[in-house]
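Peer 1: For reference, the chains in residue letters:
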Amino acid sequence: MLLHKNPFRAKTLTFAAMTALISASSALADDPAARGDTPESQKGYDISARSDRSDSGYGDSKVDARMVLRNRAGQETVRNFSFTTLEKETEDVGDKSLVVFQSPRDVEGTALLSHAKILDPDDQWLFLPALKRVKRISSSNKSGAFVGSEFAFEDFTITELNKFTYNYVGEEELDGMTMDVIERFPRYEKSGYTKQKSWVDQDIFQARKLEFYDRKGELLKTLILSDYREYDGVWRAHTLSMVNAQTGKQTDLVYDTYSFKNGLDANDFQQGILTRLR
Amino acid sequence: MKRSLFAALALCAPFPALAGEWDFGAEVAAELRYFPNDPTFPGQLEHIQPSFVVQPDIRWETEDRSHQVVVIPFVRVDGQDEERTHFDLREGYYRYNADAGWSLMLGAAKVFWGKTESRHLVDIINQSDTVEDVDEEDKLGQPMANLTLLNDWGTVDLFVMSGFRDRTFPGVDGRPRFGLVVDTDNPIFTRDWRRGAIDVAARYSHYIGNWDFGVSVFHGTSREPRFAIDIPTQRILPVYDKITQGGLDLQYTKDAWLWKLEAIVREGQGDVFFAGVGGFEYTLYQIFGSGFDLGLLAEYQYDGRDEGFVIEDFGPTLAAPVTFADNDVFAGARLAFNDPQDTSMLAGVTVDANDQFLGMFIEAERRLGSSWTAELEARLFLNPDPGNAAFPIRNDDFITFRLTRFF
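The listed protein sequences derive, respectively, from chains P and A.
By the count of this note's numbering, the first sequence reaches residue 272 at its end, each step adding exactly one.
By the count of this note's numbering, the second sequence reaches residue 439 at its end, each step adding exactly one.
Calculated directly from the structure, the hints in this document are not laboratory data.
Misleading hints may appear alongside valid ones.
Stated by the list, open to error - Simulated restraints, written as ranges between beta carbons of each label pair:
1) A:Phe56 to P:Ser253: 21 to 29 Å
2) P:Arg60 to A:His251: 46 to 54 Å
3) P:Ser76 to A:Ala234: 30 to 38 Å
4) A:Tyr334 to P:Arg44: 58 to 66 Å
5) A:Leu435 to P:Arg60: 24 to 32 Å
6) A:Phe305 to P:Asn238: 54 to 62 Å
7) A:His251 to P:Ser253: 40 to 48 Å
What you are looking at is a predicted structure, and each value in this text was computed from that prediction instead of being measured.
Positions of the beta carbon are idealized from the N, C-alpha and C atoms, including for glycine.
Between the sequences and the hints, there should be enough to build the whole structure, so can you do that?
Peer 2: Take a look at the structure:
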């Protein structure tokens, strides 16, 4: 007479989203509403679209990741997981992704399968290894924290072009590079942010820094993306460091070396795959 | 069970050249149960029940994951109840995963079917290890051959099983239990070949838009026994019958709502009967501006199985297996703290609509460091009417504390 414990119930976020951060799974088609009608909004949109489109054609990818959560006292909690992603077949659908937790040991084997959508909520299934249970879960949680980290679920969709409207601010020097600075405003409901500010370099057109402003308009978090490496024309940041300006907590997300074009197909991302992962 | 494992190992032998990766792990748990009330029946333990669990976890798979071997033995040593001291091979199988979207699993394994939370009606492949807990969520490994076909129109699972696993029951010392002890050494099988009889099952599962569903059929020995009263020994004999069961499980997912339904029809234990459970789960994210998520659940349980006794060759016997969930309403809440320690709490209550019997539970769990978890559980059985199946356990409220180390 018991209901299942569900360690990743709330934390199950959109992992498609997480991979979207690294895979830019946005709709490439221009959305006039996102593009806006002032020169500043159109320039902001165009710069964002350029960095987004630099990513298409990656096929599929596999990568191991390590998330280090630090509280203000410097205490660390570590989580390891592996990501597998399949690029969308057409621009009408999103990427498919599979995340398998490797540590801590008590959640080892917990897996999340996501079929991302462009406008509708993603389809997501959670696999609970102790019970061998596959459960379809809700993907409507946007601003909640992902597995106790400083990343919110919506932070993983920051390359989704048409989810925002834009405003071009100007050029700025950062780490010796000239950056385009763009403000953007979420168009989707239930966001925890009123505004984000991004610094995009003019060399490889990738986001290097992001600021997130809360519902009161105050700075909440800063994300630094670094260690960009190129894989056959596709760029990936390997270290993402999110610092909460209000609590002093920090989460680092560190990716291992990516493996692209592994010959995966839609069969590898079916719901039925979850029971045979390990 | 052993034979299946050997078969699995034998199958691996033709592939000695395959490079594989081993993974060794284990869980070790210390558990303490406390029963605040005096026992109802002579022989039952008084208040304190300590026990230990060891569960190694041995895995091997090839790099492309096409060949997998999993071995998970389990042992519990209980300080009070002999019947709760037991060994099981929870999992011990070889699996071949073909690229073309099919898998073949041979050996002892666990399989879960279903959608609802308060009762798992459709889930029928594995026997319940009820000495572990009263919620029937702990399962014994079932020897099987399982062929899985993954298609873009859904997943088909086919099962052939033998090596029936008897349900575990508490011994004389055990709590909670019925007034008479279940004699697990003398079960009655109404099928020829007893534990060697063959069971078959199949399930088709898929999703369309916001709908996830499964349709299943099982033909074989019922995992749920009926009870016969052995008058000379004053014991309960479990009676395992041949049944045929059809099942449906369904979920509709929309925003923060999950709507769930399970239903079965079973033939072979008294009159053909229908049982169902259905309800919802709704999650409030970041309640009161905190990082906490609160899930609210409600389900209704119905079961139309026969009640009362029939006279069989082996004596007076219940016409169908006992159930608490004949006409009951469940309500529950799940609180997730979303902290690095994955702290979570669950609470629930089941009310019998006929006689207002209340079954309640509270569970809390938290990770300590990176490789320990602490769990606290309480179960209360309130207000049972003498006619309710739960009447014998009226004094068996208990609290469990469990500390687990993961290696």
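Peer 1: It remains to establish, for every hint, whether it holds in the given structure.
Peer 2: Status of each hint after checking the structure:
Restraint check, Phe56 (chain A) to Ser253 (chain P): a C-beta distance of roughly 26 Å satisfies the suggested window 21 to 29 Å. A hinted range of 46 to 54 Å for the beta carbons of Arg60 (chain P) and His251 (chain A) is consistent with their spacing of about 48 Å. For Ser76 (chain P) paired with Ala234 (chain A), a C-beta distance near 32 Å keeps the hint of 30 to 38 Å intact. Separation of Tyr334 (chain A) from Arg44 (chain P) is about 59 Å and conforms to the stated range, judged on CB atoms against 58 to 66 Å.
Here the CB-CB span from Leu435 (chain A) to Arg60 (chain P) is close to 27 Å, well matched to the stated 24 to 32 Å. Taking the beta carbon of each, Phe305 (chain A) and Asn238 (chain P) are about 56 Å apart, inside 54 to 62 Å as hinted. Taking the beta carbon of each, His251 (chain A) and Ser253 (chain P) are about 45 Å apart, inside 40 to 48 Å as hinted.
Violated hints for the displayed structure: none, as all numbered hints are satisfied.
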